[in-house]
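**Q** Here is how the chains run, residue by residue.
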Amino acid sequence: MRATVNGVPVELPGATPLLAFLAERKLDPAVVVIEYNGQILHRDRWPDTCISDGDTLEILSFVGGG
Amino acid sequence: MDRLVIGGRELKSRLFIGSGKFADERIIGDIVAQTGVEVVTVALRRVSLSGDGENILHCIPKECVLLPNTSGARTAEEAIRIARLARAAGCGNWVKIEVISDNKYLLPDNNETIKATRVLAEEGFVVLPYMHPDLYAAKELERAGAAAVMPLGAPIGTNRGLKTKEIVRILIEECSVPVIVDAGIGKPSEAAEAMEMGAAACLVNTAIATAGDPLVMARAFSQAVEAGRLAYLAQPGETTEYARASSPLTGFLGS
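Sequences listed follow chains A and B, in order.
End of the first sequence sits at 66 in the working numbering; the numbers just go up one at a time, nothing left out.
End of the second sequence sits at 255 in the working numbering; the numbers just go up one at a time, nothing left out.
To be clear, the hints were calculated from the coordinates, so they are not data collected in a lab.
Worth double-checking, as some hints may not be accurate.
[To be verified] Some chain B residues well away from chain A (every beta-carbon gap over 10 Å; in silico):
| hint | residue |
| --- | --- |
| 1 | 25 |
| 2 | 30 |
| 3 | 45 |
| 4 | 47 |
| 5 | 49 |
| 6 | 68 |
| 7 | 71 |
| 8 | 140 |
| 9 | 142 |
| 10 | 163 |
| 11 | 174 |
| 12 | 232 |
| 13 | 248 |
| 14 | 250 |
[What the hints assert, rightly or not] Capping the alpha-carbon separation at 30 Å, the derived lysine-lysine pairs in DSSO-like fashion look like this:
| hint | chain 1 | residue 1 | chain 2 | residue 2 |
| --- | --- | --- | --- | --- |
| 15 | B | 62 | A | 26 |
| 16 | B | 12 | B | 165 |
| 17 | B | 163 | B | 139 |
| 18 | B | 21 | B | 163 |
| 19 | B | 163 | B | 187 |
| 20 | A | 26 | B | 12 |
[Unchecked claim] Across the chosen pairs, the derived CB separations fall in these ranges:
| hint | chain 1 | residue 1 | chain 2 | residue 2 | range |
| --- | --- | --- | --- | --- | --- |
| 21 | A | 43 | B | 122 | 33 to 39 Å |
| 22 | B | 21 | A | 39 | 30 to 36 Å |
| 23 | A | 38 | B | 12 | 48 to 54 Å |
The C-beta atom is built at its ideal place from N, Cα and C for all residues, glycine as well.
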């Protein structure tokens with residue numbers, strides 16, 4: 001299956017738990033914010049969320065800025 | 001007591017800093033420790049999926065107010081989306097609205113900024129809009145619920161100083177919310193000048209981050225902002241065309 005993460009097509013073997021995806025990519029859940037199919041995905045829903053075919057995610061974090 | 005209160009928070013330091021462009025962001029902690037800066041801006045960006053991304057929040061002391069900006073937004077809708085994401089990230093409810101579609105001078109779009117401010121203030125954000133200095137826009141931003149207005153001194157990152165001085169002076173006179181000069185200030189003397197006019201604060205990024213010694217430059221800015229504020233409070237004496245002696249001219253030598 002294929003999802004789009006941060007504008008990039010990502011191939012996954014099947015429906016993938018969001019937290020597993022973050023862990024595999026070495027992304028610290030504590031410092032990111034996620035938009036899932038165009039909606040902000042609140043932190044308490046992350047453990048129950050699976051990335052499925054066709055999903056679009058934005059995974060963002062704070063960087064230096066003025 | 002000279003107090004600056006924004007969004008219910010009393011701020012002792014009138015120097016706000018940005019966190020972009022530092023060669024080593026870890027210096028931000030030293031700047032905060034040595035200058036007492038309390039407000040630090042940050043931006044929101046896509047993470048690197050290879051997991052090697054930075055995390056600026058580790059470099060900003062916990063006691064600071066984080067001021068996420070909406071840089072990258074070209075419309076009010078995009079700014080609103082970024083602001084909501086920033087708040088969802090759990091870093092408080094302050095936001096600097098920045099709506100820019102001009103790529104050459106990075107001048108802010110006041111109309112879109114007003115729209116975004118109205119929506120976000122209604123949602124409980126403490127909204128600090130970056131704006132092109134214009135009295136009508138500033139008054140509209142006030143009505144839209146802005147906690148302050150942030151007119152530019154010169155285009156972002158140019159270090160050219162207070163090119164908009166006359167209009168910023170009018171905004172300071174006419175606005176009922178704090179006026180914070182944001183963008184363009186390149187030297188401490190320019191920050192002092194803004195503060196002498198009655199600006200509530202200055203937001204400085206490039207001038208500090210790209211200085212040969214950012215820590216010393218931050219200290220210089222901090223002292224300049226403080227000196228400028230004191231001068232404003234002290235009410236400078238009037239200027240005159242011709243000399244007026246400071247010492248008595250009579251009562252000695254030949255008089």
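**Q** Which hint numbers does the structure go against, in order from smallest to largest?
**A** Numbers 1, 3, 4, 5, 6, 7, 20, 21, 23 - these are the hints that the structure violates, sorted from lowest upward.
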